[in-house]
Amino acid sequence: DAGVIQSPRHEVTEMGQEVTLRCKPISGHNSLFWYRQTMMRGLELLIYFNNNVPIDDSGMPEDRFSAKMPNASFSTLKIQPSEPRDSAVYFCASSLRTGMETQYFGPGTRLLVL
Amino acid sequence: GEDVEQSLFLSVREGDSSVINCTYTDSSSTYLYWYKQEPGAGLQLLTYIFSNMDMKQDQRLTVLLNKKDKHLSLRIADTQTGDSAIYFCAEMNYGQNFVFGPGTRLSVLP
Chain A
1359 DAGVIQSPRH EVTEMGQEVT LRCKPISGHN SLFWYRQTMM RGLELLIYFN
1409 NNVPIDDSGM PEDRFSAKMP NASFSTLKIQ PSEPRDSAVY FCASSLRTGM
1459 ETQYFGPGTR LLVL
Chain B
13 GEDVEQSLFL SVREGDSSVI NCTYTDSSST YLYWYKQEPG AGLQLLTYIF
63 SNMDMKQDQR LTVLLNKKDK HLSLRIADTQ TGDSAIYFCA EMNYGQNFVF
113 GPGTRLSVLP
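Those protein sequence lines, which keep their order, are chains A and B. Using this note's numbering, the letters of the first sequence correspond one by one to residues 1359 to 1472. Using this note's numbering, the letters of the second sequence correspond one by one to residues 13 to 122.
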């Protein structure tokens, strides 16, 4: 299995631009998580999906952030418009909800907003 | 609410044992996890322990759980330079909420 796939691995953009981050979970997993990691705030859960349905988006910082999961094998996290304080590493993780919910992480997307 | 705490930094000499500690507040925790994050990479599951266990050993790793004190530790025997990384403690509770600690940055000195 290829594991969780994220793209792009690095993104540099200018303030005000739209940014779209992509994630392909492990095949057969039915839960997907988006995290943001910064030095100041550590690892923060932004949103998670179960069977493609958003369950908890209370971690999404503001309306500029949106996430979708149109099918079991693809999810996007969009920031529009982006701001310099959005600069962080964004991780996607997936899991199979069997009660022992080990999350498997992707390599992350390193975002820099100038 | 749920909270997971860890010390932020630990330095050890190569060959010594490392002990990384974690405390949590949620008494309904079912599973507790240790993840490792190497520079520039995602989090990798190292090991986990079910809440009705008090110890789990896997090669150089030993996990100890004191459920009464809500204290979890990870011991790495014969620490190597390749063990330098950030180690995250995480817990899952009956509500199936997954909570990570802030991570402990382990530095292994030659």
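None of these hints come from the bench; they were simulated from the model. Treat the hints loosely; a few may be bogus.
Here are the simulated DSBU-like cross-link-like pairs (lysine-lysine), alpha carbons at most 35 Å apart as the crow flies [said to hold, decoys possible]:
1) B:K48 <-> B:K68
2) B:K48 <-> A:K1436
3) A:K1382 <-> A:K1426
4) A:K1436 <-> A:K1426
5) A:K1382 <-> B:K80
6) B:K48 <-> B:K82
7) B:K80 <-> A:K1426
8) A:K1382 <-> B:K68
9) B:K79 <-> B:K48
10) A:K1436 <-> A:K1382
11) B:K82 <-> B:K68
12) B:K68 <-> B:K80
Tested hints:
Between K48 of chain B and K68 of chain B the CA atoms are separated by roughly 17 Å; this keeps the pair inside 35 Å, and the hint holds. With a CA separation close to 27 Å, the supplied pair K48 of chain B and K1436 of chain A stays within the 35 Å bound. Our distance criterion of 35 Å between C-alpha atoms is met by K1382 of chain A and K1426 of chain A, whose separation comes to about 12 Å. For the proposed pair K1436 of chain A and K1426 of chain A, the alpha carbon gap of about 9 Å is at most 35 Å, so the pair holds.
A threshold of 35 Å between alpha carbons decides the hint, and for K1382 of chain A with K80 of chain B the separation of about 40 Å lies outside it, so the pair is violated. Between K48 of chain B and K82 of chain B, the direct Cα distance comes to roughly 21 Å. Compliance with the 35 Å bound is thereby established for this hinted pair. At most 35 Å may separate the alpha-carbon atoms for a hinted pair to count; K80 of chain B and K1426 of chain A exceed this at roughly 41 Å. Simply put, K1382 of chain A and K68 of chain B have alpha-carbon atoms about 32 Å apart, close enough for the 35 Å limit, and the pair holds.
Note on K79 of chain B and K48 of chain B: the hinted pairing holds, with a Cα-Cα distance of about 22 Å set against a maximum of 35 Å. At roughly 15 Å between alpha-carbon atoms, K1436 of chain A and K1382 of chain A fall within 35 Å of each other, so this suggested pair holds. About 16 Å separates the Cα atoms of K82 of chain B and K68 of chain B, which keeps this hinted pair within 35 Å; it holds. Our distance criterion of 35 Å between C-alpha atoms is met by K68 of chain B and K80 of chain B, whose separation comes to about 17 Å.
Checked against the numbered hints above, the structure breaks hints 5, 7 and satisfies the rest.
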